[in-house]
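Participant: Spelled out from the first residue to the last, the chains are:
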Amino acid sequence: DAMVIQNPRYQVTQFGKPVTLSCSQTLNHNVMYWYQQKSSQAPKLLFHYYDKDFNNEADTPDNFQSRRPNTSFCFLDIRSPGLGDAAMYLCATSTRTGADGYTFGSGTRLTVV
Amino acid sequence: AQTVTQSQPEMSVQEAETVTLSCTYDTSESNYYLFWYKQPPSRQMILVIRQEAYKQQNATENRFSVNFQKAAKSFSLKISDSQLGDTAMYFCALDTGTASKLTFGTGTRLQVTL
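Here the protein sequences line up with chains C and X, keeping their order. Under the working numbering, residues 20 to 132 are what the first sequence spells out, in order. Under the working numbering, residues 4 to 117 are what the second sequence spells out, in order.
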């Protein structure tokens, strides 16, 4: 089945230690998104790739970076995780127009110790 | 800027009953898409139903249907014959196609009880 896969499902990292979360898709969608979701809150968009074009949200901290080496893969790098970065990170994909809705991965729950 | 408002933080419904979740939105775009997403506890967010703004007919997917009132900018979700598996957080979302970004509401936590 076509899908969006996030690895790992759970990630524990030390305060200040760089961490990378990964996302892959078999849907061949043009657009890939990274969302941060804290407990009982709506997902907050961090950035998205429209093909190779990177689009950063104005309020996304510089601590968060992303890479998309090809259509199928997208990475979220947190350069120096703080306690406030503990959250669920959701990857999603969509077609060019988004008309069919987004397909979400299962998420990576990040814990910072 | 787009906004989506869900005024019901929590709701409860008995199994087999019907429940309606409210959503209002605001956008200056003439064409857009509206969605309801379901996020069960510790599980993946999945699309429940979608509505294209230029279509007058309300979308229906099995037990799920919407009441789309474009002039009032209202987009409510009706769940009929509620099942225990419907217990989840439900998010209303808007996509205007501009930069193709979803704007989410704050969510409604639905509990289905026996």
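No lab work stands behind these hints: they were computed from the structure. Only a predicted model underlies this, so the values are computations on that prediction, with no experimental measurement involved. Mixed in with the good hints, there may be bad ones.
Stated by the list, open to error - DSSO-like cross-link-like pairs, simulated, lysine-lysine; straight-line CA separation at most 30 Å:
1. C:K57 - X:K58
2. X:K73 - X:K58
3. C:K63 - X:K76
4. X:K104 - X:K76
5. X:K76 - X:K58
6. C:K71 - X:K76
7. C:K57 - X:K76
8. C:K36 - C:K71
9. X:K104 - C:K63
10. X:K81 - X:K58
11. C:K57 - C:K71
12. X:K58 - C:K63
13. X:K104 - C:K71
14. X:K81 - C:K57
Claimed, not checked - Take a look, some chain C residues computed to stay more than 10 Å from chain X by CB distance:
15. T45
16. Q60
17. F73
18. R98
19. G101
20. A105
21. D119
22. Y121
23. S125
Claimed, not checked - Some residues of chain X that are not near chain C, with every Cβ distance over 10 Å (derived):
24. V16
25. E20
26. S31
27. A75
28. F94
29. T109
Just so you know, even glycine gets a beta-carbon here, dropped at the ideal spot from N, CA and C.
Participant: Please go over all the hints and tell whether each is borne out by the structure.
Facilitator: Status of the hints after comparison with the structure:
| no. | hint | result |
| --- | --- | --- |
| 1 | C:K57 - X:K58 | 34 Å, violated |
| 2 | X:K73 - X:K58 | 10 Å, holds |
| 3 | C:K63 - X:K76 | 23 Å, holds |
| 4 | X:K104 - X:K76 | 19 Å, holds |
| 5 | X:K76 - X:K58 | 14 Å, holds |
| 6 | C:K71 - X:K76 | 34 Å, violated |
| 7 | C:K57 - X:K76 | 28 Å, holds |
| 8 | C:K36 - C:K71 | 27 Å, holds |
| 9 | X:K104 - C:K63 | 11 Å, holds |
| 10 | X:K81 - X:K58 | 18 Å, holds |
| 11 | C:K57 - C:K71 | 28 Å, holds |
| 12 | X:K58 - C:K63 | 28 Å, holds |
| 13 | X:K104 - C:K71 | 16 Å, holds |
| 14 | X:K81 - C:K57 | 27 Å, holds |
| 15 | T45 | 15 Å, holds |
| 16 | Q60 | 7 Å, violated |
| 17 | F73 | 12 Å, holds |
| 18 | R98 | 24 Å, holds |
| 19 | G101 | 24 Å, holds |
| 20 | A105 | 15 Å, holds |
| 21 | D119 | 7 Å, violated |
| 22 | Y121 | 6 Å, violated |
| 23 | S125 | 5 Å, violated |
| 24 | V16 | 19 Å, holds |
| 25 | E20 | 24 Å, holds |
| 26 | S31 | 18 Å, holds |
| 27 | A75 | 22 Å, holds |
| 28 | F94 | 6 Å, violated |
| 29 | T109 | 5 Å, violated |
Of the hints listed earlier, those the structure fails to meet are numbers 1, 6, 16, 21, 22, 23, 28 and 29, in rising order.
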